[in-house]
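Using the sequences and the accompanying hints, generate a full structural model.
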Amino acid sequence: MGKLLRADLFRAFRYKIFYLLLAVNAVVGVFSVINQLAWRGYAEVSAFDVLGGGFGGGIGFIGILNAVLVAVFIGHEYACGAMRNKVMTGGGRSKIYLSKLAVSSAMCAAVYLAYHVVNFVLGSALLGWGAHSFSEIVLAFFAGLFMSLAYCAIFTGVSMLSKNTVVSLLSGVLGTLCILLLVIWVQGELEGTYFFPEGSEEGVWLPCQWPAFWQGLARFAIRLVPTGQSVLLSMGSLSMSAMGTLIGLSCVWIVLSAAGGSLVFRKIDMK
Amino acid sequence: MTVALICSAAALALSAAVLAIKIVVMKRSLAELARQAEEKLREESNVPLSPDSADRDLCRLARSLSCRLDEVISLGRKYREGDMELKRAIADVSHDIRTPLTSAAGYVGLLKKSGLSGKQAEYLSVIDGRIAAMKKLTDELLSYSVAASDETPPELAETDMRAALEDALTQFYAAFEERGIVPAISLPESAVVRIADKDMLSRVFGNILNNAARYSGGDLCVTLREDGEILFENDAPALDEVSAKRLFDRFFTVENARGSTGLGLSIAKLFTERMGGSIGASYAGGRLCIRMKI
Amino acid sequence: MECVLRTYGLTKVYKGVPVVNGVSMHVRRGDIYGFVGRNGAGKTTLMRLVGGLVNKSGGSYELFGQRDDGGKFDRARRRTGAIIETPSVFPEFTAEENLRAQCVSLGVDGKKIVPELLEYVGLSGTGKKKARNFSLGMRQRLGIAAALVGSPDFLVLDEPTNGLDPQGIVEIRELLIRLNREKFITILISSHILGELSKLATAYGFIEKGALIKEISAKELDEACRRSVRVTVSDTEKLPYILERGLGIADFKILSQTEADIYGDVKIGELALALHAGGEELYRVRERDEDLEGYFINLVGGEK
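Protein chains in written order, with my numbering: chain A, 1 to 271; chain B, 1 to 294; chain C, 1 to 304.
Possibly wrong hints are sitting among the right ones.
[Unchecked claim] Just a few of them, taken from the derived set where beta-carbon distance is under 10 Å, the chain B residues facing chain C:
1. Glu43
2. Glu44
3. Ser45
4. Asn46
5. Val47
6. Pro48
7. Pro51
8. Asp52
9. Ala54
10. Cys59
11. Ala62
12. Arg63
13. Thr99
14. Thr102
15. Ser103
16. Glu273
No wet-lab data here; the hints were simulated from the structure. Backbone N, C-alpha and C define an ideal beta-carbon position, used for all residues, glycine too.
The structure is reproduced here in structure tokens:
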């Protein structure tokens, strides 16, 4: 396994898209800080809000970055036949999968950090942390990290099993966007709507009409799916225990990919 | 203050973990290296040794060991090739010698019939005898080298050892009678079937019995056991323990017997082992015992 | 002689069709095993099975004596190198970087072996040229070099000379012969260009419609290939009568008014006498050996 890890790291360090995305995320971090500075006159802002921005709530940014990173990394290896080589020389299918998972996770974590390191340095210096406690910040940070790793685990599974760069790229990016829209819609439904009865100026707030079971399921689903997590985290209004739950649910994805993904990988046929 | 404490504790824990991992990996790599080295030599594999650990000294050890093992394997291969080439060369040379010898013998025959004086006839019969001896030697040499360099696998089939032994003994009956040897034969009631090559087996028996007929002190005991083991025992006054062990060596002859190249038993050993059997000789109390098993 | 690869009724079914159907083959150590079959006969699929790329539908196989479902099987795989369909090279790396990447992936020290291999396959002058700019022949050679990085004992090559120019084909052939003689590497090579294989192989396996119809050593093939004698006579009209009645030969083929092929062992002396007695003039006698292609067509034709 050590040799496989070293081989994947060798490629990772020479992987240009990785460095590109690092730079991109760092630059986004800088812009976020500047953006928050502009708001300073109007509302209570702090580096914590920048932290929230780093979850990509608006466009599921982190999800898309991870999808691109993982899909191209793994897909390219399939395209050149290097994956084939590793199988033929007895790398062991499970070990190959786990090694890819580990290295992809490391890269995704690095990309995630690129934004937040900028924030921790610049943001805390310029904006301060406001009213948020240290443990809250740390927990939010880790929740985001695990969300990013959950994304990575999912995309690793998809890329390894689809064996095709284009397929995994499209499904990753489009999938994230679609789920994002879905999540936003469902959330909106769960919040309830303002209903304007005829002739009246006042709006009546109507709570969600769905049966309780479906509401509960929807809420759970949003917490489970990484895109949903990113939306929740970017709103910044979660309690500590809620964030802990998110971390736990992200771990489910990671374990699912590691165990289930590697098992399925053993069974598929390769060209 | 607490932050500094926490940080240094974390750093300590981390370095301890890293060191522990490194040691575990190194130990596993050392065990792995030993196993790989043994396998590489046994299988004559080209694959170099590769430990999991990236430790520089361990890798240097692996590399150096790999190189030495490659050398050993290559030497082994060169030896086998050289040995095969030698045997083939001997076969070729024996073949080449035969032609002029046959021709010479033919002319000697012609000369014999062409009426010679007393002295001439005497000299001619000496020449005739020498040529006959050379032919015999060449034949035996050719026979050995062909057998040794022949790489075709034996045709293994279920063979009745008892019947084959009986056939061989019958063939040599006359030779034994000539020397006044009465073989004491002990065979089991039923057939003893083993997997062997029939032709090779008869040659093995032939060579052993030939040897016995020539050099036995006066008697011969042949025993075939139910488990396939065969014993050939005879009186051998001229032998001793050391010589008995060398009986199957190439070209080994006792008392420089005239007319024998000492290859007969070597051929027997070659064929026996090629069929997957074993053969050996022991000497005790003035008696030679050749033990053969398939 | 131990077997490097043994398959026992290996089967692979795609959509109800057995693409590889109960193949039991033996590749002995030190052989160059020529795997002969038409396009679509199942050669590539079998190699994919043996390489572990696709999962089998039935049967089993052994590499270096290790069963494919055993725990030590990955170690046996490590002694194998393969090129299946296209050589696996990273187009954005140079030849040297490609080999170095392969070294890292196998845990092999690259310092000595990379320049040696490049020299061995004849790519040491490529310098900074990226693999995407290589010609097909160079890429094949790089693929072989990459397969050799692990110092394998067994190479599986799927039509390595496909698409190469004659010069390239000769170079690959000589490289493979050197590998077999100098490094004692057993080679399993598939091809449908029989002429090339016949210059290389020491053993053959013939596959048709997924089934292995024959396995034979080069020596046995040589003996089995039908020998024929091509005779040029004055008039082939009377030839059948003379051959059948006079010599009892029934296996022959009339090619033209003056030429005919007679198969089997022909005693030239008797033939000449018989022809002369029958009033025929014998002008030329030429011995012809059936080549591998003829043998294969006969074999496959017989199966129809």
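Which of the numbered hints above does this structure break?
13, 14, 15, 16
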